[in-house]
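Colleague: If you read the protein sequences in the order shown, they are chains A and B. Here my numbering is used: the first residue of the first sequence is 10, the next is one more, and so on. Here my numbering is used: the first residue of the second sequence is 615, the next is one more, and so on.
Hints are computed from structural coordinates only; laboratory data are not their basis. Careful: at least some of the hints might be erroneous.
Listing some non-contacts, in silico: residues in chain B with all C-beta distances to chain A over 10 Å [said to hold, decoys possible]: (1) G630; (2) D677; (3) G686; (4) Q720.
Result set (DMTMM-like, lysine to aspartate or glutamate): computed pairs, CA atoms no more than 20 Å apart in a straight line [unchecked claim]: (5) A:K78 / A:D94; (6) A:K110 / B:E697; (7) A:K110 / B:D718; (8) A:K110 / B:E682.
One side only, chain B facing chain A, incomplete, derived with CB under 8 Å [stated by the list, open to error]: (9) L653; (10) A702; (11) T719.
Beta carbons: idealized from backbone N, C-alpha and C, even for Gly.
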Amino acid sequence: AQSVTQLDSQVPVFEEAPVELRCNYSSSVSVYLFWYVQYPNQGLQLLLKYLSGSTLVESINGFEAEFNKSQTSFHLRKPSVHISDTAEYFCAVLNSGGYQKVTFGTGTKLQVIP
Amino acid sequence: DTGVSQNPRHKITKRGQNVTFRCDPISEHNRLYWYRQTLGQGPEFLTYFQNEAQLEKSRLLSDRFSAERPKGSFSTLEIQRTEQGDSAMYLCASSPRRGQKTTDTQYFGPGTRLTVL
Chain A
10 AQSVTQLDSQ
20 VPVFEEAPVE
30 LRCNYSSSVS
40 VYLFWYVQYP
50 NQGLQLLLKY
60 LSGSTLVESI
70 NGFEAEFNKS
80 QTSFHLRKPS
90 VHISDTAEYF
100 CAVLNSGGYQ
110 KVTFGTGTKL
120 QVIP
Chain B
615 DTGVSQNPRH
625 KITKRGQNVT
635 FRCDPISEHN
645 RLYWYRQTLG
655 QGPEFLTYFQ
665 NEAQLEKSRL
675 LSDRFSAERP
685 KGSFSTLEIQ
695 RTEQGDSAMY
705 LCASSPRRGQ
715 KTTDTQYFGP
725 GTRLTVL
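Just chain A, same shape as in the assembly:
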């Protein structure tokens, strides 16, 4: 069984300030890790993912996340947020060996304040 914990349900941050959204996971097997973003009334969009290789992964819009196996974390960071980053962010894990059930966290709402 696997689980994902996103401790922060809401994170308010001023525009152009840095932000970190925390994600911790639990699994008895190796996993792949994902961050998805959901804008209001829309489906989920893949933001970035870690499958293997470099533990630091980046998205095209300036977000990055680092896989830390010892701390079982995959925190999402951005050095300077924009108003358009206001959305809900979901961390997710996938069992790398079995079938394709993805387990999601409960989400973190990022509110960028002008």
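Chain B: place on chain A using the hints.
Modeller: Structure of chain B alone, referenced to chain A:
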């Protein structure tokens, strides 16, 4: 590649009625998934198809729920005798077959929001 599409986008129904949702995956994807998302929660897995075979069903999928993918392309999710607790966003996702690039990434549709009155 037009992405995953879902219809309808919104459905309002009265308790006790049956509803059916449709999902069209990305054309070359052989794997298809249904999730349910309630307010304030992350998506929860409901069921998974590989081609036309339904390989896994969650305990969340009660006997009032049935999903099909008859020709291995589009899928339908039917809820019979809807209850107010069924109100949620129903999300569909698809992914490529093993061996293909991005095989481990699921691509989501916009969802169908169900409101049961």
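Colleague: Each hint needs a verdict: does it hold in this structure or not?
Modeller: Hints, verified against the model:
1. G630: 27 Å, holds
2. D677: 21 Å, holds
3. G686: 16 Å, holds
4. Q720: The claim breaks: Q720 of chain B does not keep its Cβ more than 10 Å from every Cβ of chain A (closest is about 6 Å).
5. A:K78 / A:D94: Violated, because 27 Å separates the two Cα atoms, which is more than 20 Å.
6. A:K110 / B:E697: Violated: K110 of chain A and E697 of chain B sit about 26 Å apart, past 20 Å.
7. A:K110 / B:D718: 10 Å, holds
8. A:K110 / B:E682: 18 Å, holds
9. L653: Status violated, d = 11 Å.
10. A702: 14 Å, violated
11. T719: OK, holds: T719 of chain B within 8 Å of chain A, min 6 Å.
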